[in-house]
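**Q** Each chain, letter by letter, is given below.
2 protein chains.
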Amino acid sequence: MLTKKIVKDIQSLSHKKLRDEVGTFIAEGPKVVAELLASSNARCRTICAEKDWITQNEHLLEKVTAGQVFEIDNHWLERISLLKTPNQVVAVFEKFPLLAKPVLQNKLSLMLDDIQDPGNLGTIIRNADWFGIENIICSKSCADCYNPKVVQSTMGSLARVSVFYKDLISFINEYHSIPVYGAALSGKSVYELEEIKEGIFLFGNESKGIHDEILNLCKFRITIPRFGNAESLNAAVANGIILAQLKRN
Amino acid sequence: MLTKKIVKDIQSLSHKKLRDEVGTFIAEGPKVVAELLASSNARCRTICAEKDWITQNEHLLEKVTAGQVFEIDNHWLERISLLKTPNQVVAVFEKFPLLAKPVLQNKLSLMLDDIQDPGNLGTIIRNADWFGIENIICSKSCADCYNPKVVQSTMGSLARVSVFYKDLISFINEYHSIPVYGAALSGKSVYELEEIKEGIFLFGNESKGIHDEILNLCKFRITIPRFGNAESLNAAVANGIILAQLKRN
Numbered sequence: 008m009l010t011k012k013i014v015k016d017i018q019s020l021s022h023k024k025l026r027d028e029v030g031t032f033i034a035e036g037p038k039v040v041a042e043l044l045a046s047s048n049a050r051c052r053t054i055c056a057e058k059d060w061i062t063q064n065e066h067l068l069e070k071v072t073a074g075q076v077f078e079i080d081n082h083w084l085e086r087i088s089l090l091k092t093p094n095q096v097v098a099v100f101e102k103f104p105l106l107a108k109p110v111l112q113n114k115l116s117l118m119l120d121d122i123q124d125p126g127n128l129g130t131i132i133r134n135a136d137w138f139g140i141e142n143i144i145c146s147k148s149c150a151d152c153y154n155p156k157v158v159q160s161t162m163g164s165l166a167r168v169s170v171f172y173k174d175l176i177s178f179i180n181e182y183h184s185i186p187v188y189g190a191a192l193s194g195k196s197v198y199e200l201e202e203i204k205e206g207i208f209l210f211g212n213e214s215k216g217i218h219d220e221i222l223n224l225c226k227f228r229i230t231i232p233r234f235g236n237a238e239s240l241n242a243a244v245a246n247g248i249i250l251a252q253l254k255r256n
Numbered sequence: 008m009l010t011k012k013i014v015k016d017i018q019s020l021s022h023k024k025l026r027d028e029v030g031t032f033i034a035e036g037p038k039v040v041a042e043l044l045a046s047s048n049a050r051c052r053t054i055c056a057e058k059d060w061i062t063q064n065e066h067l068l069e070k071v072t073a074g075q076v077f078e079i080d081n082h083w084l085e086r087i088s089l090l091k092t093p094n095q096v097v098a099v100f101e102k103f104p105l106l107a108k109p110v111l112q113n114k115l116s117l118m119l120d121d122i123q124d125p126g127n128l129g130t131i132i133r134n135a136d137w138f139g140i141e142n143i144i145c146s147k148s149c150a151d152c153y154n155p156k157v158v159q160s161t162m163g164s165l166a167r168v169s170v171f172y173k174d175l176i177s178f179i180n181e182y183h184s185i186p187v188y189g190a191a192l193s194g195k196s197v198y199e200l201e202e203i204k205e206g207i208f209l210f211g212n213e214s215k216g217i218h219d220e221i222l223n224l225c226k227f228r229i230t231i232p233r234f235g236n237a238e239s240l241n242a243a244v245a246n247g248i249i250l251a252q253l254k255r256n
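Protein chains in written order, with my numbering: chain A, 8 to 256; chain B, 8 to 256.
This is chain A alone, in the form it adopts within the complex:
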């Protein structure tokens, strides 16, 4: 039976401290929950869902071997949900396991310096998944990838992209053989890049860009040419445009 204690435990996962202690996170809504359940490396601990969702998703529920499934009514759903408009199902998953050290040789990877907006981080994870990028290295000041708003905006891609939190300067020094390309307001046009088989593509904070001391470690600076008058592009849009160009080349 769904108890007040269980509800309180689920809601506590809106706080990073508690997510870190327990090692779990919340996902909501039929689309995101179904994508996560369908992923081979997702482990689901708890599902609270309306009857209709449970009936329609029995095939997915077979995967909840070590967890509990609660059928709840709309009243309980509204109590548990963190969304303004609760949507059929709230689930608790274990955080995804990560390698101790990401393998970045012979592939394209992302690095994020201080991306603050959860929607932007989630959208960048989704971009990475679309363009086949396996690894994202985040500075410790980035939004937490298990923040419920990030989880919602990844649309399930969180299960397919590894997100690491590292000190970026130490990391770049450690992986010194892999060139870092910093996205900036000036530099080589992204239209003129030749084919790149290996590299880390670095994107900075929404308003301040990449910290100077990190930008100085970049081997190349790349930019998206401007044809109109906007001062800048949204961080997730800039990320998508650069990934699309890299994959074209």
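A couple of the hints might just be wrong.
Distance ranges between label pairs, derived from CB positions [what the hints assert, rightly or not]:
(1) A:GLN123 with B:THR62: 25 to 35 Å
(2) B:GLU69 with A:ASP16: 51 to 61 Å
(3) A:ASN113 with B:SER239: 53 to 63 Å
Simulated from the structure, these hints should not be mistaken for lab results. Remember, it's a predicted structure, so these values are computed and weren't measured experimentally. Cβ coordinates follow ideal geometry from the N, Cα and C atoms, glycine included.
Given the coordinates of chain A, assemble chain B onto it according to the supplied hints.
**A** Only chain B this time, still in chain A's reference frame:
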């Protein structure tokens, strides 16, 4: 003097009905307000700002010839602001004047079918401004471009892009000489497009895409090739990627 009546009038602009009646909208924060004030076609009716902002922006305030400027303290700012974190200044502007009929010959334009999320619409307006697109034709079911959340996410670009609300089917029929390119999950790769000098680029709803009856009016379907596993891209990211490719060609 700032009266309760003025505060109430400002706050009423969070509702589309009132914005339509009065013909004004709210903008907040130093960046957005400064960008709008700097635009030649912006007409500001009211500014409520903290002392520091007023001192630092006297050169911009010269443009508020037909409006009122109120110096307010943080307490009043928090009362007036629609933001979670109020930021120095709240301003009321007149909506931007529009031509009766947009001129789309010999240029690239955008069309949006049922874009619901205010953040996505604002980011698409910002993309348009970056890539030098002058006109966006929205279906009447799209978010309102003067919704405060849209205004915030345009970062000032709203002053430089004309946003029209039209019945899309009638509009496409009326402008039948201009080809419409629909962004879809299948079609010609955006990487393979040749140089296009004139066209309307159509983007659909965040989850449902373009309505069938409108997609059927498109002369071409274009798509962004997928290299990984995400089911879709965010609407504003897809828009940015396609604009970047068009401008490359």
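**Q** State for each hint whether it applies.
**A** Hint check results:
no.: 1; hint: A:GLN123 with B:THR62: 25 to 35 Å; in the structure: holds (28 Å)
no.: 2; hint: B:GLU69 with A:ASP16: 51 to 61 Å; in the structure: holds (58 Å)
no.: 3; hint: A:ASN113 with B:SER239: 53 to 63 Å; in the structure: violated (28 Å)
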